[in-house]
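Keeping the supplied structure of chain A fixed, place chain B upon it in accordance with the hints.
Protein chains: 2
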Amino acid sequence: SIIRILEERTEPKRDLEGKKVLVTAGPTQETIDPVRFFTNHSSGKMGYAVAEAAAKRGADVTLVSGPSQLTTPFGVKRIDVTSAQDMLDQVLIVYGEQDIVIKAAAVADYRPVQTFDSKVKKQDGNLSIEMERTTDILLTLGQRKQHQFLVGFAAETNDAVAYGKGKLERKHLDAICVNTVGKTGAGFQSDTNEVIYLNREGKEQHLPSDTKKQIAHRILDEIVEDMEADRK
Amino acid sequence: SIIRILEERTEPKRDLEGKKVLVTAGPTQETIDPVRFFTNHSSGKMGYAVAEAAAKRGADVTLVSGPSQLTTPFGVKRIDVTSAQDMLDQVLIVYGEQDIVIKAAAVADYRPVQTFDSKVKKQDGNLSIEMERTTDILLTLGQRKQHQFLVGFAAETNDAVAYGKGKLERKHLDAICVNTVGKTGAGFQSDTNEVIYLNREGKEQHLPSDTKKQIAHRILDEIVEDMEADRK
Numbered sequence: 011s012i013i014r015i016l017e018e019r020t021e022p023k024r025d026l027e028g029k030k031v032l033v034t035a036g037p038t039q040e041t042i043d044p045v046r047f048f049t050n051h052s053s054g055k056m057g058y059a060v061a062e063a064a065a066k067r068g069a070d071v072t073l074v075s076g077p078s079q080l081t082t083p084f085g086v087k088r089i090d091v092t093s094a095q096d097m098l099d100q101v102l103i104v105y106g107e108q109d110i111v112i113k114a115a116a117v118a119d120y121r122p123v124q125t126f127d128s129k130v131k132k133q134d135g136n137l138s139i140e141m142e143r144t145t146d147i148l149l150t151l152g153q154r155k156q157h158q159f160l161v162g163f164a165a166e167t168n169d170a171v172a173y174g175k176g177k178l179e180r181k182h183l184d185a186i187c188v189n190t191v192g193k194t195g196a197g198f199q200s201d202t203n204e205v206i207y208l209n210r211e212g213k214e215q216h217l218p219s220d221t222k223k224q225i226a227h228r229i230l231d232e233i234v235e236d237m238e239a240d241r242k
Numbered sequence: 011s012i013i014r015i016l017e018e019r020t021e022p023k024r025d026l027e028g029k030k031v032l033v034t035a036g037p038t039q040e041t042i043d044p045v046r047f048f049t050n051h052s053s054g055k056m057g058y059a060v061a062e063a064a065a066k067r068g069a070d071v072t073l074v075s076g077p078s079q080l081t082t083p084f085g086v087k088r089i090d091v092t093s094a095q096d097m098l099d100q101v102l103i104v105y106g107e108q109d110i111v112i113k114a115a116a117v118a119d120y121r122p123v124q125t126f127d128s129k130v131k132k133q134d135g136n137l138s139i140e141m142e143r144t145t146d147i148l149l150t151l152g153q154r155k156q157h158q159f160l161v162g163f164a165a166e167t168n169d170a171v172a173y174g175k176g177k178l179e180r181k182h183l184d185a186i187c188v189n190t191v192g193k194t195g196a197g198f199q200s201d202t203n204e205v206i207y208l209n210r211e212g213k214e215q216h217l218p219s220d221t222k223k224q225i226a227h228r229i230l231d232e233i234v235e236d237m238e239a240d241r242k
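Sequence order for the protein chains is A and B.
Per our numbering, the very first residue in the first sequence carries number 11; after that it's consecutive.
Per our numbering, the very first residue in the second sequence carries number 11; after that it's consecutive.
This is chain A alone, in the form it adopts within the complex:
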């Protein structure tokens, strides 16, 4: 298409040259037994788009990805994980050296308390699955933050902006991208997105509906602007 040709001919900004960027993406899977698991509808597309955009802008990008069918963007170092705990472990290993951390993954909040090595046989009647909280990765990163610019996402079906502001504060983030997932959760698999970028100074920047690739660049624009403002 014409848009694609224009995109390819436009020289990308190299405003992330020399920066280390960590992106998390995709869902996590929380194992019940070798066959069954608990997960969510994240496709990983938003996180992969952010990783790709950051790499094009010159960053040294690490992508910690839950299970996904997506192709690793060119020039990005990808680390595959399955569970929330795996993701936390991998993220913490590289966290200290990052300049920007963007947590686009939809990490499971809960995991089964018990995991079975063999397939659990079905039985008559109901079954109660006891779930426990996983470690909150974004909160952990917020608490251990040194120099990193830390960005979260909030996908909520109700009161998304108010919830996003609360999360920004509570988890010590520098910014948060709020998107309203439809009641059907369809936004998760979609190739487009629409977000509101909130920062600690009260900026509330609406990034109108566009491809996830374009939204990714717009988010990076906001991050670069905020980081430059911080330095002044």
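By construction, these hints were calculated from the structure, which means they are not laboratory data.
Note that the structure is predicted; figures quoted are calculated from it, not measured.
You can't tell identical chains apart in this list, so a pair holds if it fits in one copy or across any two.
Computed list of lysine to any residue pairs in SDA-like fashion (alpha-carbon distance at most 20 Å, straight line):
1. 223 to 70
2. 132 to 41
3. 30 to 100
4. 23 to 224
5. 30 to 107
For chain B alone, kept in the frame of chain A given last:
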């Protein structure tokens, strides 16, 4: 590759000409809320391979598929479903007119008793999810069987053959394909498979490890042979 060229040059048998074949494939997803769900590691590859092989052999194939990234095989009518209940509903609509029914789907045994329209907020402490049994599709088909040749699959981590024989009897199947999934569940995503084909007459045919496409043809060979024996 040479194998592909040989495969393509070999004229396929047309021994299912005029037969209606129903195949189910893939996992099902059981909704907790718009974001979260329970599911399993089925890739759908075995069922899609059976549907493709049956179509190549002249059958009129309907494929009822849970969520899958796979491409619909040429000439196959595909009906997409999400939950075990959706799959049951769609299968029952077309069951009466089928000659052969092969249930390769990994249908969830349990679903959450309660499903929420909005994303459930996480809270401190544990969470207990009450699960109820889904309707057993294969048992339902066995009970309502008229002229159909009904084939199930059994993927078990332990005592697979003994379990398969029990299931064959209990669910009034004509045959069952037993495969031993690894302790890691990896067999589900694999491009190869190894099954033991059991029938009501005590046949126990080992189909050694091969591509799922070849295993699909070998299973159809066994079914055709059994159906011809039934007619005598």
